[in-house]
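**Student:** Here's the letter readout for the chains.
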Amino acid sequence: MNAENMDCMTTIGEYRFPTKDAEKKFFGNWLIYIAWENHLMFCAPFCLPLPTSLPFGAFIRDVLPQLYGEHPEFEQIDWQRVRWYESNEEFLPDFGKSLQQHGFGHKTLIRFETPSLEGSRSQIDSKKMAF
Amino acid sequence: MDKPVKKKKLGLKPRYSAMTRGLSWDTTYQDMDKVFPYDQFEGIKIHDWDKWEDPFRLTMEAYWKYQGEKDKKLYAVIDAFAQNNGHLGISDARYVNALKLFIQGVSPLEYYAHRGFAHAGRHFTGAGVRVAAQMQSIDELRHYQTQAHTISHYNRHFNGMHDSVKWFDRMWYLAVPKSFFEDAYSSGPFEFLTAVSFSFEYVLTNLLFVPFMSGAAHNGDMATVTFGFSAQSDESRHMTLGIECIKFMLEQDPDNVPIVQRWMDKWFWRGYRLLTLVAMMQDYMLPKRVMSWKEAWEMYAESNGGALFKDLARYGIRPPKGWDDACEGKDHISHQAWGTFYQYSHAAAFHTWVPNADEMQWLNEKYPDSFDRHYRGRLEHWDKLQKKDERWFNQHLPMLCQVCQIPMVFTEPGDPTQISFRETQYEDNKYHFCSDHCKEIFSHEPRKYVQAWLPVHQIYQGSCYPDDINPESPGDSPVREVLRYYGVVGGQDNGDFNASQDRRNFDAALGKKVV
Chain F
1 MNAENMDCMT TIGEYRFPTK DAEKKFFGNW LIYIAWENHL MFCAPFCLPL PTSLPFGAFI
61 RDVLPQLYGE HPEFEQIDWQ RVRWYESNEE FLPDFGKSLQ QHGFGHKTLI RFETPSLEGS
121 RSQIDSKKMA F
Chain S
1 MDKPVKKKKL GLKPRYSAMT RGLSWDTTYQ DMDKVFPYDQ FEGIKIHDWD KWEDPFRLTM
61 EAYWKYQGEK DKKLYAVIDA FAQNNGHLGI SDARYVNALK LFIQGVSPLE YYAHRGFAHA
121 GRHFTGAGVR VAAQMQSIDE LRHYQTQAHT ISHYNRHFNG MHDSVKWFDR MWYLAVPKSF
181 FEDAYSSGPF EFLTAVSFSF EYVLTNLLFV PFMSGAAHNG DMATVTFGFS AQSDESRHMT
241 LGIECIKFML EQDPDNVPIV QRWMDKWFWR GYRLLTLVAM MQDYMLPKRV MSWKEAWEMY
301 AESNGGALFK DLARYGIRPP KGWDDACEGK DHISHQAWGT FYQYSHAAAF HTWVPNADEM
361 QWLNEKYPDS FDRHYRGRLE HWDKLQKKDE RWFNQHLPML CQVCQIPMVF TEPGDPTQIS
421 FRETQYEDNK YHFCSDHCKE IFSHEPRKYV QAWLPVHQIY QGSCYPDDIN PESPGDSPVR
481 EVLRYYGVVG GQDNGDFNAS QDRRNFDAAL GKKVV
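Residue numbers (my numbering), protein chains in the order written: chain F, 1 to 131; chain S, 1 to 515.
Keep in mind that the hints were calculated from the coordinates and are not lab data. Check the hints yourself; a few may be wrong.
Cut-off 20 Å, straight-line C-alpha distance, at most; resulting in silico cross-link-like pairs (PhoX-like, lysine-lysine) [claimed, not checked]:
no., chain 1, residue 1, chain 2, residue 2
1, S, Lys247, S, Lys166
2, S, Lys65, F, Lys128
3, S, Lys384, S, Lys366
4, F, Lys20, S, Lys430
5, S, Lys321, S, Lys310
6, F, Lys24, S, Lys34
7, S, Lys34, S, Lys8
8, S, Lys9, S, Lys65
9, S, Lys13, S, Lys45
10, S, Lys13, S, Lys65
11, S, Lys65, F, Lys25
12, F, Lys20, S, Lys448
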């Protein structure tokens, strides 16, 4: 057990049930969570079932525009400058390698930051979209 | 023939005693612990059940009489409301969406409370607390009934209310109240009372009922005001039960203190997260506004709740851990929630809209530190799109918190530009949370929360499609199929208010020009 889980549950008997969202329940896909940092027009990060073999390049080319394309700043993203994080750990993506080859897993959270496109961090008087 | 002996009538107090605790007995054929098997496993130690002070002295006989009177009055008002087409006297058809939220998300909790208190009313060893819980159980059933009856008049004239019971079991945002209560009533009886009677009824209930009921009064909905009044007199009894139960546990044994403290931490936070829906209703859904969520929070939580926790300090109880973060959130959560429902309105069962210029001005006045800086921009952007006939709906499903089940919309305390992420690994799986407090709730009982029925994950597992759909390939519009499973009529029960049948019908009935 992870050190930060201090299970102090009291029960009337044996209490053990399978996790509801085990990897095998998603037809061979992983659930991947995706967050464009500081772009809060989209109220929350997204959750998508994605094939483990999906190359990172295809993830950027085919998946992200569907999710975020409607944001006025999306078209201006310079993908070479984007900074990527798996939860809080920064990583350098290889566009040719798959999600699996990046070492991701079921319920991985991928966050990305777009320098100079600051979304909700923009000053509202700078005529940028502050959301 | 013997002359019947006329018995002297008992006074109020002995009569109460005879008709409640006097009807209880200690079992001898079976061990008492076997008859009441559920009130020890939580670790709460009770040495003397007789020390329980009955918070209200009401016999069953008096209870029926009193509630019967109240019901007579309520149903007279409901009849008059229906005969006079009272629904046409409300401020604006947008208001009805607050009622939809109520019948969808709040009334089912009354029914859950009925079940939970029925269970508690059977399983406490002490007769005093059993009687109190049994009466509350009946109250809650009655609240559900009066709410369903009152709102049924609106159901004849507006969409979004015709299948609320089914929706409660199926729809994504209703999983928030549903999972809250299922968490409470699947715990032991002491935790249930701490969750519902104390944290919810005592600490937070004013934040639920006052906004809905005064919102109804301000918006011309006398029927709802009346069921509110009818329930309110019961609520004061329920609150007393909550505080009495807490004091009883704390006074019975010092070992109870840390257990009760952990429950307070948990249930304060769970209740606070649930009230996000109320915050949104208050700031965005009432055409005539009463007070802002922030003002209500300051009055009912910060000042009243602050005094309460000062009072409990003598038992070694401190304010709940999430207290400061909850106070910080008062500037943000209503705006974050409305933005969520605005963009997922095509997947809900009520209407949303962009507030008009006057309403935005009001929001700015009430939220000078947050509204213009963080929330106005996106609303104006959406408004512009809508004026170009491009009303924006978010077509992809959001990430949810494993515990509160709310989409991960909440921002980092102190930084409203940054979504707050927390996660943990348990056994072979990763779990994500919206806050330190939801994460801690999970960490204390991971075996419970790994079972959470998260609506988004369930859709992807194929659990939320009608029988004629293959979950592995649900076709060109999975959302359409999910709505079919929910039993929601897309574009009629949901979507933007301005394009709604509700608006057209209401305007037509008032003789306004129909756009």
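**Student:** Does each hint hold? Answer for all of them.
**Tutor:** Comparing the hints with the structure gives:
1. Only pairs whose Cα atoms come within 20 Å are accepted, and Lys247 (chain S) paired with Lys166 (chain S) is rejected, the gap being roughly 38 Å.
2. Taking the CA atoms of Lys65 (chain S) and Lys128 (chain F), the gap is about 65 Å. The hint is violated against a cut of 20 Å.
3. For the hint pairing Lys384 (chain S) with Lys366 (chain S), the CA-to-CA distance comes to about 24 Å; that exceeds 20 Å, so the pair is violated.
4. Our distance criterion of 20 Å between C-alpha atoms is met by Lys20 (chain F) and Lys430 (chain S), whose separation comes to about 12 Å.
5. A C-alpha spacing of about 14 Å is found between Lys321 (chain S) and Lys310 (chain S), which places the hinted pair at or below 20 Å, so the restraint holds.
6. Distance restraint check for Lys24 (chain F) and Lys34 (chain S): the Cα-Cα separation of roughly 42 Å exceeds the 20 Å cut-off, and the hinted pair is therefore not satisfied.
7. For the given pair, Lys34 (chain S) sits about 38 Å from Lys8 (chain S) by alpha-carbon distance, which is inconsistent with the 20 Å threshold.
8. Note on Lys9 (chain S) and Lys65 (chain S): the hinted pairing holds, with a Cα-Cα distance of about 18 Å set against a maximum of 20 Å.
9. Proposed proximity of Lys13 (chain S) and Lys45 (chain S) is contradicted: the alpha carbons are some 29 Å apart, above 20 Å.
10. Distance hint between Lys13 (chain S) and Lys65 (chain S) is fulfilled; the C-alpha atoms sit about 18 Å from each other, no more than 20 Å.
11. Annotation: proposed proximity of Lys65 (chain S) to Lys25 (chain F) is violated, straight-line Cα distance about 54 Å (limit 20 Å).
12. Between Lys20 (chain F) and Lys448 (chain S) the CA atoms are separated by roughly 11 Å; this keeps the pair inside 20 Å, and the hint holds.
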